[in-house]
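**Student:** Here the protein sequences line up with chains A and B, keeping their order. If you're matching positions, the first sequence starts at 1 in the working numbering and goes up one per residue. If you're matching positions, the second sequence starts at 1 in the working numbering and goes up one per residue.
Hints should not be assumed to be uniformly reliable.
[To be verified] Think about it this way: if two alpha-carbon atoms lie no more than 16 Å apart in a straight line, the pair counts; the simulated EDC-like pairs of lysine to aspartate or glutamate are:
#1 Lys505(B) - Asp50(A)
#2 Lys90(A) - Glu489(B)
#3 Lys565(B) - Asp50(A)
#4 Lys513(B) - Asp42(A)
#5 Lys180(B) - Asp197(A)
#6 Lys642(B) - Asp609(B)
#7 Lys254(B) - Glu489(B)
#8 Lys180(B) - Glu122(A)
#9 Lys505(B) - Glu122(A)
#10 Lys505(B) - Glu43(A)
#11 Lys146(A) - Glu138(B)
#12 Lys61(B) - Glu217(B)
#13 Lys90(A) - Asp396(B)
[What the hints assert, rightly or not] Beta-carbon label-pair distances, calculated as ranges:
#14 Asp30(A) - Gly201(B): 21 to 31 Å
#15 Arg328(B) - Lys146(A): 51 to 61 Å
#16 Asn216(A) - Asn31(B): 34 to 44 Å
#17 Glu185(B) - Ala243(A): 23 to 33 Å
#18 Ala222(A) - Tyr399(B): 22 to 32 Å
#19 Lys21(B) - Ala79(A): 32 to 42 Å
[What the hints assert, rightly or not] Stretches of chain B that chain A covers, calculated by requiring three or more beta carbons in the stretch to come under 8 Å of a beta carbon on chain A:
#20 20-31
#21 47-56
#22 75-86
#23 280-292
#24 385-396
#25 450-463
#26 557-567
Think of the hints as simulated: they come from the structure by calculation, not from any bench. A virtual CB, placed ideally from N, CA and C, is assigned to each residue, including glycine.
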Amino acid sequence: MDLKLKIWRQASRNEKGQFVDYEVHNISPDTSFLEMIDILNDELVEKGGDPVAFDHDCREGICGMCSMFINGHPHGPEAATTTCQLHMRKFKDGETIVIEPWRARPFPVIKDLVVDRSAFDEIIRAGGYISTTTGGVPDANAIPIKKVNADLAMDAAACIGCGACVAACKNASAMLFVSAKVSQFALLPQGKVEAKDRVKDMVAKMDELGFGNCTNTYACEAECPKEISITNIARMNRQFIGAKLG
Amino acid sequence: MTKINSKIPEGPIAEKWTRYKEHQKLVNPANKRKIEIIVVGTGLAGGAAAASLGEMGFSVKVFCIQDSPRRAHSIAAQGGINAAKNYPNDGDTIYRLFYDTVKGGDYRARESNTYRLAEVSNNIIDQCVAQGVPFAREYSGYLANRSFGGALVSRTFYARGQTGQQLLLGAYGALSKEIKRGSVELFTRREMLDLVVMKDGRARGIIVRNLFTGELERYSAHAVLLATGGYGNVYFLSTNAMTSNGSAAWRAYKRGAYFANPCYVQIHPTCIPVHGEYQSKLTLMSESLRNDGRIWVPKKKEDAERIRKKEIRPRDIAEEDRDYYLERRYPAFGNLAPRDVSSRAAKERCDAGYGVGPTGLAVFLDLKDAIVRLGKDVIKARYGNLFDMYQRIVDDDPYETPMMIYPAIHYTMGGLWVDYELQSNIPGLFVGGEANFSDHGANRLGASAIMQGLSDGYFVLPYTMQNYLADQIAVGTIPTDSPEFDDTEKDVRARIDKLMAVNGKETVDYFHKKLGHVMWDHVGMARNKAGLEEGIKMIQEVRKEFWSNVRVPGNPNGINIELEKALRVSDFLELGELMARDALHREESAGGHFREEYQTPDGEAMRNDKNFMYVAAWEYPGDDKEPILNKEELNYEFIEVKTRNYKTA
Chain A
1 MDLKLKIWRQ ASRNEKGQFV DYEVHNISPD TSFLEMIDIL NDELVEKGGD
51 PVAFDHDCRE GICGMCSMFI NGHPHGPEAA TTTCQLHMRK FKDGETIVIE
101 PWRARPFPVI KDLVVDRSAF DEIIRAGGYI STTTGGVPDA NAIPIKKVNA
151 DLAMDAAACI GCGACVAACK NASAMLFVSA KVSQFALLPQ GKVEAKDRVK
201 DMVAKMDELG FGNCTNTYAC EAECPKEISI TNIARMNRQF IGAKLG
Chain B
1 MTKINSKIPE GPIAEKWTRY KEHQKLVNPA NKRKIEIIVV GTGLAGGAAA
51 ASLGEMGFSV KVFCIQDSPR RAHSIAAQGG INAAKNYPND GDTIYRLFYD
101 TVKGGDYRAR ESNTYRLAEV SNNIIDQCVA QGVPFAREYS GYLANRSFGG
151 ALVSRTFYAR GQTGQQLLLG AYGALSKEIK RGSVELFTRR EMLDLVVMKD
201 GRARGIIVRN LFTGELERYS AHAVLLATGG YGNVYFLSTN AMTSNGSAAW
251 RAYKRGAYFA NPCYVQIHPT CIPVHGEYQS KLTLMSESLR NDGRIWVPKK
301 KEDAERIRKK EIRPRDIAEE DRDYYLERRY PAFGNLAPRD VSSRAAKERC
351 DAGYGVGPTG LAVFLDLKDA IVRLGKDVIK ARYGNLFDMY QRIVDDDPYE
401 TPMMIYPAIH YTMGGLWVDY ELQSNIPGLF VGGEANFSDH GANRLGASAI
451 MQGLSDGYFV LPYTMQNYLA DQIAVGTIPT DSPEFDDTEK DVRARIDKLM
501 AVNGKETVDY FHKKLGHVMW DHVGMARNKA GLEEGIKMIQ EVRKEFWSNV
551 RVPGNPNGIN IELEKALRVS DFLELGELMA RDALHREESA GGHFREEYQT
601 PDGEAMRNDK NFMYVAAWEY PGDDKEPILN KEELNYEFIE VKTRNYKTA
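Extracted from the complex, chain A is given alone in its bound form (with noise of 0.2 Å):
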């Protein structure tokens, strides 16, 4: 396949950015995209250009570093699925690509497609866990959890925390991610202890760290590449409103 590529190239935070175009030629429809931009880069390096920066590692779709707008989508155009999971079988010959970062205030670009999420962590730091500490817990089967919950809290745990739903999002909200923590742990008994608490220091942060709000797009949804349902939003929301009432 031959590909004409559009990529957002920034040198740094403070700098102005462009688009810039490439080509690639002779690309096999089982590379992922990853990997086309490797070989893109590649040409770059032997021309002795600068190469494209873009976040990923595991490769595989679990460890949430890759984070690329592809062709107006986080993530690219197929479903259920992380840029590094994306095969360039899904795009047609002589298509026009165009790649950017993710865009939202939270997440300044560091360079080119990289992107700083830190501000996630700093939602997970305001209350995200359950404050146990090493050892002197009970056995783990002393406490029976339903199955479903224990299924739904896995549904909301698999959240990756890659920021689609963020760049997804028309008002950069982080409600997806913060809602799948939230739900995860009020499903399940040993959350509950912490629950008002957590509930209400996670929005907190989240809008002080200027993500936006939710009005019911539900964009997030459709481009989490993990499925997390916005049936979270509601739990959170209900997990809230009980929170500061009492």
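Could you slot chain B onto chain A? The hints should help.
**Tutor:** For chain B alone, kept in the frame of chain A given last:
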């Protein structure tokens, strides 16, 4: 006379760890915050250790290479975590988990460490449940288990196919809690490039490169913990993440730490086969699939050939014309034979001409019988995410046609040598998780890597590091402007300058791929003397060519991905040679190390316990000198050493 002191406590095996804890030294709670600890790596071992040490009150600095601690490669562990809970009432005990692990490791692990691992395994499950890890449960509300290779009991706890992710997020939560509390300070996008060892021989700090600014930074502490993972990426293609590398361990080796058993590499039997030269990494299909999947190739060569040419489909092969070779060769364990055994069996069939797929380097993993028996919905609930991943990569529907798999580099049992306290021979340098060599011998069983990472991190290192630190309170803060810090930073800077100055024609990946091919062909699944000798020469040639013809564009100030890769590959080019040397010296077959000269008539690995029942701990004598071999003899007091047998129960 060996210089090795493994510091194994006296007493019966089941009492050693308790006795150690009863007699270890402690630090006064008020003094703990005056003692600093560096933890490099935020995977299961590093993340859990940093959180636990922070909870205890120590001042911890933790470093990760990614943008967040949550992205460490432990996150990719799929299938599960072992523990001797015996919830299914199928006869499991701590001793049995210990026994299976030592046997699985082909009697090349240190007995006392492995027993401790089995002993604390149950605490790990309790801890993770308390943290809110959503393990799979039965309708009763109690925890579910499944089976993994090398065991006849069902002792693996799991969270769908994302167990590593959930356990890591548990540790990340604990770590986040400590960062918020102020006991742990987090440094992201930092790569450790050297270890600082003081004149008195103690490890007291690290030099890291800030991957955003390119600056070299100095950090000091009373003790350093490396939890930097394995070195599987020396092969270029592996199931490891792209940034997984061996540099922290290799730099520690070059500062005097022993590197143990570098040739013990795990080649995982169930990975998606290689499909092209541009491929950047290999993807694992969890071993848990072998619970319900059957592995086969055609019985007739002509059928295999026609499948390769796509003239017929797998389902056209009649049942009696299929060779379920694991069930045939290992009736007792069947498709749940351990990884090393299963990988070699796949290679044997493919080498004999029965392989499938376009290259002939693949076998079938078939869940058809299970789909018929249990229904598609059950299989989907168990393995849905794996099937989806397979379909995305291969563009084939595994519900309709068997998956194709082939062995791939997955894990390194070798690593920095550590004693019972997980301390290297450099005082103050501790090593946890895959980065050390300690618990798995020559082959690791499935669902045991994350068990070891969390065992080291939550339950072993917080004790043993405290024992070391008890007399360090008088030392005070360690300055970073000492001659040792100056010199170490100077060395790092010189290495970077040298790489930038080569200004050659080929990319870093060109050399990495070249090295990877040599390693796979000569230091891979089957090794022999002539091949290893040739391999060593070839590695030396690639290294020479690298240093005269690599191109690192840009400058070292700021983000420079090619420089990052070049630093890692320059270390792999040295580490690869040590792996080959270790493989050459070990004239036996054990676990993942298979020497073609040493096998039984039916192709099974043949150990040489008389001459090789030891840990090979390699010492760095300086450049251009042969590495020095130190031996730690392995004494099995509590297990009878036998030939590994998976044919009968």
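**Student:** Given the hint of 22 to 32 Å, is the C-beta distance from alanine 222(A) to tyrosine 399(B) inside that range or not?
**Tutor:** 25 Å, holds
**Student:** Does lysine 505(B) pair with aspartate 50(A) here, judged by a C-alpha cut-off of 16 Å?
**Tutor:** Holds, at roughly 15 Å.
**Student:** Could you see if the CB distance from lysine 21(B) to alanine 79(A) stays within 32 to 42 Å?
**Tutor:** 51 Å, violated
**Student:** For the region 20-31 of chain B, do three or more residues have a beta carbon lying closer than 8 Å to a beta carbon of chain A?
**Tutor:** It is violated, with 0 qualifying residues against the three required.
**Student:** Hint says 23 to 33 Å; check whether the CB-CB distance for glutamate 185(B) and alanine 243(A) agrees.
**Tutor:** 30 Å, holds
**Student:** Count residues of the region 75-86 of chain B with a Cβ under 8 Å from any Cβ of chain A, then say if the count reaches three.
**Tutor:** holds (count 3)
**Student:** Does the structure keep lysine 61(B) and glutamate 217(B) at a Cα separation of 16 Å or less?
**Tutor:** 13 Å, holds
**Student:** Residue count check for the region 557-567 of chain B against chain A: does it reach three with CB-CB under 8 Å?
**Tutor:** holds (count 4)
**Student:** Would the hint linking lysine 565(B) and aspartate 50(A) be met if the CA-CA limit is 16 Å?
**Tutor:** Holds: lysine 565(B) and aspartate 50(A) sit about 14 Å apart, inside 16 Å.
**Student:** Check the hint pairing lysine 146(A) with glutamate 138(B) against an upper bound of 16 Å on the C-alpha distance.
**Tutor:** 8 Å, holds
**Student:** 34 to 44 Å was suggested as the range; check whether the CB atoms of asparagine 216(A) and asparagine 31(B) agree with it.
**Tutor:** 54 Å, violated
**Student:** Regarding the pair lysine 505(B) and glutamate 122(A), is the alpha-carbon distance no greater than 16 Å?
**Tutor:** 43 Å, violated
The earlier numbered hints that this structure contradicts are 2, 9, 14, 15, 16, 19 and 20.
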